[in-house]
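S.K.: Residues per chain, in single letters:
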Amino acid sequence: MKKFSKASTASKKAFLNYGIVIAFFVIFQSLVSTGNITSALKGQLIPIACYMIMAVSLNLVVGISGELSLGHAGFMSVGAFTAVIVSSAMAGSSDKGSLIVSIIVGALIAAIAGFLIGIPVLRLNGDYLAIVTLAFGEIIKNILNCLYVGIDEKGVHFAFNNPAALAMSAEGKVIINGPMGAVGIRKISTFAAAIILLLIILIIIQNLVNSRTGRAIMAIRDNRIAAESMGLSPMKYKMLAFTVSAAMAGAAGAVYALNYSTLVPKKFDFNTSILVLVFVVLGGIGNMTGSLLAAGVLVVLPELLRKFSDYRMLVYAIVLILVMLVTNNEKLKGKIDTFFKKLRMKISKGGRK
Amino acid sequence: MKKKLLSLILTGAMVMAMAGCGNTGAETGTVGTTENAGTEETAAAAAGDGALTGTLKLGVIGPLTGGAAIYGNAVVNGAQIAVDEINALGGAFQIELQAQDDEHDAEKSVNAYHQLQDWGVQAIAGTVTTTPCIAVSAEANADRVFMLTPSASATTVTDGKDNVFQLCFADPNQGSASAQYIFDNQLATKVAVIYNNADAYSTGIYQTFKAKAEELGLEIVSETTFTDDTTDFSVQVGDAQSNGADLVFLPIYYTPASLILKQADSIGYAPKFFGVDGMDGILTIEGFDTSLAEGVMLLTPFSADATDDLTKNFVEKFTEKFGEVPSQFAADGYDCAYAIKAALEFYAAKNGGLDVTGMSAEELCEILISVFTDPEFSADGVTGLGMVWDANGQVNKEPKAVVIKDGVYVGM
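Here the protein sequences come in this chain order: A and B.
Going by the numbering used here, the first sequence wraps up at 456, each residue one higher than the last.
Going by the numbering used here, the second sequence wraps up at 950, each residue one higher than the last.
Please keep in mind that the hints were generated in silico from the structure rather than gathered at the bench.
Among these hints, one or two may not hold up.
Stated by the list, open to error - Anything over 10 angstroms on all C-beta distances counts as not near chain B; from chain A, calculated:
1) L119
2) F128
3) V129
4) M193
5) L211
6) L227
7) V235
8) A295
9) L305
10) A329
11) M342
12) G387
13) N390
Said to hold, decoys possible - Below, computed lysine to aspartate or glutamate pairings styled on EDC-like, alpha-carbon distance capped at 16 angstroms:
14) A:K276 with B:D697
15) A:K290 with B:D681
16) B:K699 with B:E677
17) A:K290 with B:E677
18) A:K145 with B:D656
19) A:K145 with B:D681
20) A:K410 with B:D656
21) B:K646 with A:E406
22) B:K699 with B:E900
23) B:K859 with B:E623
24) B:K646 with A:D413
25) A:K145 with B:E677
Note that the Cβ used here is the ideal one computed from N, Cα and C, for glycine as well.
Whenever a hint applies, use it, and build me the whole structure from the sequences.
M.R.: Below, the structure is given as structure tokens:
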């Protein structure tokens, strides 16, 4: 116990996040195995975990690296469609093996996309970066809308704009059919796999933030000129954060895609990017715990509000506004802080006796 | 600066979220009359005499808010009328209806499906739109829940799923039937196609239309595309005009179609316009000058001006309750409820009665599959008489073409 209290606040926070994720898993997994869960909530467990990964990975760009990215769903879709192709190509393999390979390849391809996009984009600052990432998100969506992928005994075929151009043999199967998206996806994602992935990603992000590289990234965020004068290359560190974040979004997309039997490029539009950004902003920029909680709550909330029927999204918006008002209220924050301080004082006093 | 930008974006996101709520007319929630005190006893007494008894929990999933809301609401309203009629008969068989919103999104649709499962749904009339339907039908296939979709027309909806049936024509049928119709009636020599290449429904119909047109020797002189965000169609319309097309085929939803009609009118281009079932609803757009839609033809299994008793009764009740002429989607919803009832009655008559109260979805699913694939079973509805289903789940019925005349649909 003494050791723990000596640990830095950063690692305390990190362990709090692991604790939240593990508790989330243990509670819901036991609910599922005892059958005490509504099928509505059960069906949402994997998407929730995916959105949590999306939120923390975007937080790496928005919070830690300080760049506003509005095209995060684009990387998710790259990972998602890559995973669909990989899992179809591995149709004979075991579910677990296919899932792991799909996630890794999905993350890699998304990382490459992130790297390529990062080359021109990260030379820009502030609002310009936001606009360009927004555009890239749309470009990825539109490319996927024109992408046709088929598979036959010779391998995987790619074509643009026309399924006939795939030139497949008679036994060939179209996996991705342009705007019709992918159908007949192998449903191999599991809640446990999503949680393990979330934990791995949290470990990577939190260790990155607390490392020398992480401090460099934050130094550039806080004062670019000062950091540059210290000999740090802003481009290099920004690119690192951006690419890692894209890879993570790709991994989230892979798990998400393999949870549904169909997937269309349209799903990953501007609105999805904004949704993830809302998780990050509402949870607190740079605050991983907040991102996790906000993603969980905001994904479930619209489903809980179904009884309001037509006014559902209106109520949802009002809840968002209220949460923003409450969490940004200095007075309220102060009160909560003093409450915790008093509590801590009491506990430590009690301990001394 | 960054904070301001963020707050601006968030405000935008909220406004978008709110904009999705602009639709009324759907009555979500439980609506059926369940307080039929005698149901239980009559059910017990009636078993054995071939009668259908009990209360069926029927779920509908469709977009009740957002861009495709007109379809979802129409289906729900249509189904509502059918359920009201069935319950008003006061017989031993009653239906409880619950509609859930999916915003035309696969993820939300699966959520809606699970929500219905928690309610104890026994059969599903849905989902209304194609992409969500593919996602939900995979779930329903695994859980063994019977689905009869009123309007999800892609073949992938039913492929490899024995529990999913369509009440509407499949996409290939729509595309090739349109080409056949245009060819048979010699509506045009040069055809232009404008389709949405970001949409599964539109692209699917376009592909089969093109294949059939080539087979028939119908000349396609202009093929142009657009995406969901397109609001200016001058390029597409201009291309069709400059290539001298005398008929423009629009396998698209009605919102972009209305813009295309407006744009064509503004440049003085007046070819024939031919649409498919997605065009249905164009007359109900607020602020749209319906005179622009004069002469637009569309292929649909339902026309509200038909004179048979079934259609007359339905149109009258629908207009009275919802204040508008029912579209094809409303008719599909209406027929879905009746087709499921007819199937259950068919089974009850053959097997000496059926009490559906509390029956599990799995059990009911097997019963309905056996009936729908039974060659002797056929259902009559406002979208066609003597509808029969094949083992793939696709329906077989006559398509009708209608033309818009004086602001209403008139059979051709």
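S.K.: Work down the list of hints and note, for each, if the structure agrees.
M.R.: Structure-based check of all given hints:
no.: 1; hint: L119; result: holds, 25 angstroms
no.: 2; hint: F128; result: holds, 20 angstroms
no.: 3; hint: V129; result: holds, 22 angstroms
no.: 4; hint: M193; result: holds, 19 angstroms
no.: 5; hint: L211; result: holds, 25 angstroms
no.: 6; hint: L227; result: holds, 14 angstroms
no.: 7; hint: V235; result: holds, 14 angstroms
no.: 8; hint: A295; result: holds, 19 angstroms
no.: 9; hint: L305; result: holds, 23 angstroms
no.: 10; hint: A329; result: holds, 18 angstroms
no.: 11; hint: M342; result: holds, 20 angstroms
no.: 12; hint: G387; result: holds, 12 angstroms
no.: 13; hint: N390; result: holds, 15 angstroms
no.: 14; hint: A:K276 with B:D697; result: holds, 13 angstroms
no.: 15; hint: A:K290 with B:D681; result: holds, 14 angstroms
no.: 16; hint: B:K699 with B:E677; result: holds, 10 angstroms
no.: 17; hint: A:K290 with B:E677; result: holds, 10 angstroms
no.: 18; hint: A:K145 with B:D656; result: holds, 11 angstroms
no.: 19; hint: A:K145 with B:D681; result: holds, 14 angstroms
no.: 20; hint: A:K410 with B:D656; result: holds, 13 angstroms
no.: 21; hint: B:K646 with A:E406; result: holds, 9 angstroms
no.: 22; hint: B:K699 with B:E900; result: holds, 14 angstroms
no.: 23; hint: B:K859 with B:E623; result: holds, 13 angstroms
no.: 24; hint: B:K646 with A:D413; result: holds, 15 angstroms
no.: 25; hint: A:K145 with B:E677; result: holds, 13 angstroms
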